[in-house]
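Residue numbers (my numbering), protein chains in the order written: chain W, -8 to 222; chain U, 7 to 119.
None of these hints come from the bench; they were simulated from the model.
Hints are not guaranteed to be accurate.
Estimated spans, in silico, between C-beta atoms of each pair [stated by the list, open to error]:
1) I218/W <-> E54/U: 27 to 33 Å
2) M219/W <-> F12/U: 15 to 21 Å
3) N66/U <-> T19/W: 38 to 44 Å
4) I30/U <-> E50/W: 26 to 32 Å
5) K39/W <-> R116/U: 52 to 58 Å
6) V98/U <-> L210/W: 36 to 42 Å
7) T19/W <-> V98/U: 27 to 33 Å
8) F15/U <-> Q(-4)/W: 26 to 32 Å
Listed below are several chain U residues computed to face chain W (Cβ distance under 8 Å; list not exhaustive) [unchecked claim]:
9) W26
10) I32
11) S35
12) I36
13) M39
14) L42
15) Q47
16) M48
17) F69
18) V101
19) F114
Coverage of chain W stretches by chain U, computed from C-beta distances (three or more under 8 Å per stretch; other residues unrestricted) [what the hints assert, rightly or not]:
20) -5 to 4
21) 29 to 40
22) 45 to 52
23) 74 to 83
24) 112 to 125
25) 139 to 147
26) 185 to 194
As the structure is a prediction and not an experimental result, all values here were calculated from the model.
From the three backbone atoms N, C-alpha and C, an ideal C-beta is built for every residue, glycine too.
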Amino acid sequence: MELLQNHIILLALTFGIFYAARQLQKWTGWIVLNPILVTIVVLIGLLKLTGISYETYSEAGGYIEFWLKPAIVALGVPLYQHLGQIRRQFLPIFLSQLAGCIVGLVSVVGIAQLTGASRETIISLAPKSVTTPIAMEVCQAMGGIPSLTAAIVVTVGLFGAVFGFKVLEVWHIKNPYSQGLSIGTASHAVGTSRAMEKGETYGTYASLGLILNGLLTALLAPFILQIMHVL
Amino acid sequence: MIRQCFIIFGCLALGELVVWLTGIPIPSSIIGMLLLAALLQMKAIKVEWVKGMSDFLISNMGFFFVPPGVALMLYLDVIKAEFVPIVVATVVSTVLVLIVTGWTHQGFKRLKD
Chain W
-8 MELLQNHIIL LALTFGIFYA ARQLQKWTGW IVLNPILVTI VVLIGLLKLT
42 GISYETYSEA GGYIEFWLKP AIVALGVPLY QHLGQIRRQF LPIFLSQLAG
92 CIVGLVSVVG IAQLTGASRE TIISLAPKSV TTPIAMEVCQ AMGGIPSLTA
142 AIVVTVGLFG AVFGFKVLEV WHIKNPYSQG LSIGTASHAV GTSRAMEKGE
192 TYGTYASLGL ILNGLLTALL APFILQIMHV L
Chain U
7 MIRQCFIIFG CLALGELVVW LTGIPIPSSI IGMLLLAALL QMKAIKVEWV
57 KGMSDFLISN MGFFFVPPGV ALMLYLDVIK AEFVPIVVAT VVSTVLVLIV
107 TGWTHQGFKR LKD
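Excised from the complex, chain W in its bound form:
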């Protein structure tokens, strides 16, 4: 098992499992078989089985995780490309994002407080709707557990991708722009990839929701959590 602790081998395994998981999703077409989730579960099982500690794995994984921050910076490009659209429909887009962001933060923190979650868990739950790199940064900046946030964010994304459009239809939200925007706002990249499958319009508005809610959550979360006496 000594050999398995080699960083290169652990990295190759991570790439390989993710690739296999992605192929598996392509073949089956099941949204629930999200490659990110599958890879995390398989890797955890493998590490437990071989007795390799998380610390050993994370030394190798750090090389991958490192790219999270530059990836968020890169979102500046689609943000710039959507600027015209955002400007033309500034009020509806901005106000619906603001409403969604505030309701999301207040409701998740409020419910977690009422059901007796610990302070660290509440902080880790707060950025649940935004894309993982942003959510983890927000969580870390406020003193939560970033990896707990990562797990919750993936779960929320899966929930939105699988049930999001059904929820919207039940509540009579039928216009493609509003649907796309809501999916991106509530369930970030995983929801956005589902919206892209439904059509270009859904996808574009979903990515708009993903970027804007990421931004708003990063800006508002610390203040809302302060008001709600979590920080």
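Following the hints, put chain U in place on chain W, whose structure we already have.
Below, chain U alone, put in the same frame as chain W:
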């Protein structure tokens, strides 16, 4: 490639600098993202100068959070202990976000039409 890396890491570095100077609780990467969008808007840099790198980073964003997700194995007991708050808060809040965002946006669109 080097220019692409320089622009993206340069924006991130400036973000780090802003956080270090002001101590605001906003991720440096978010500041970097806003900076990049602003530089593009001001025509200080061209989209082609970052496009290859940014497309690569965005399309593989999901993969980058596998390792931090694996850290979940350290918190399995936290999740077991607080299973109900975590699940209820997450599901109810996600449904609320979907409905509130959709209704607000659709309502404005109707007002306009």
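Hint-by-hint comparison with the structure:
Separated by about 44 Å at the C-beta atoms, I218/W and E54/U break the suggested range of 27 to 33 Å. Taking the beta carbon of each, M219/W and F12/U are about 41 Å apart, not inside 15 to 21 Å as hinted. At about 22 Å, the beta-carbon gap between N66/U and T19/W misses the expected band of 38 to 44 Å. Checking the proposed 26 to 32 Å range against I30/U and E50/W shows it holds: the Cβ atoms sit about 31 Å from each other.
In this structure the supplied range 52 to 58 Å holds for K39/W paired with R116/U, their Cβ-Cβ distance being about 53 Å. Distance hint for V98/U and L210/W: a CB-CB separation of about 24 Å, inconsistent with the stated range 36 to 42 Å. Restraint check, T19/W to V98/U: a C-beta distance of roughly 29 Å satisfies the suggested window 27 to 33 Å. Look at F15/U against Q(-4)/W: about 30 Å separates their beta carbons, and that is inside 26 to 32 Å.
The beta carbon of W26/U is not positioned within 8 Å of any beta carbon in chain W (closest approach about 13 Å), and the interface hint is therefore violated. Taking 8 Å as the C-beta cut-off, the interface hint given for I32/U holds, the closest approach to chain W being about 6 Å. Taken as an interface hint, S35/U checks out: its beta carbon lies about 4 Å from the nearest beta carbon of chain W, inside 8 Å. A distance limit of 8 Å between C-beta atoms decides the matter here; for I36/U the minimum to chain W is near 5 Å, and the interface restraint holds.
The beta carbon of M39/U comes within 4 Å of a beta carbon in chain W, closer than 8 Å, and the hint placing it at the interface holds. A least Cβ separation of about 3 Å between L42/U and chain W falls short of the 8 Å threshold, and the interface hint therefore holds. At about 6 Å, the closest approach between the beta carbon of Q47/U and any beta carbon in chain W falls short of 8 Å, and the interface hint on this residue holds. Taking 8 Å as the C-beta contact cut-off toward chain W, the hint placing M48/U at the interface is violated, the least distance being around 10 Å.
The interface hint given for F69/U holds, since its Cβ lies 6 Å from the closest Cβ of chain W, which is under the 8 Å cut-off. Below 8 Å, beta-carbon pairs count as interface contacts, and V101/U has one with chain W at about 6 Å; its hint therefore holds. Taking 8 Å as the C-beta cut-off, the interface hint given for F114/U holds, the closest approach to chain W being about 4 Å. Counting residues of the segment -5 to 4 of chain W whose C-beta lies closer than 8 Å to any C-beta of chain U gives 0; at least three are required, and the coverage claim is violated.
For the segment 29 to 40 of chain W, the proposed coverage by chain U is satisfied: 6 residues have a C-beta within less than 8 Å of a C-beta in that chain, meeting the threshold of three. With 5 residues carrying a beta carbon less than 8 Å from a beta carbon of chain U, the segment 45 to 52 of chain W meets the three-residue requirement, and the given coverage holds. With 3 residues having a beta carbon nearer than 8 Å to a beta carbon of chain U, the segment 74 to 83 of chain W meets the requirement of three or more and the stated coverage holds. Counting residues of the segment 112 to 125 of chain W whose beta-carbon sits less than 8 Å from any beta-carbon of chain U gives 8, enough to reach three: the coverage restraint holds.
Under a criterion of three residues with beta carbons nearer than 8 Å to beta carbons of chain U, the stated coverage of the segment 139 to 147 of chain W is upheld, 7 such residues being counted. Under a criterion of three residues with beta carbons nearer than 8 Å to beta carbons of chain U, the stated coverage of the segment 185 to 194 of chain W fails, only 0 such residues being counted.
Consistency with the previously given hints fails for numbers 1, 2, 3, 6, 9, 16, 20, 26, ordered from lowest to highest.
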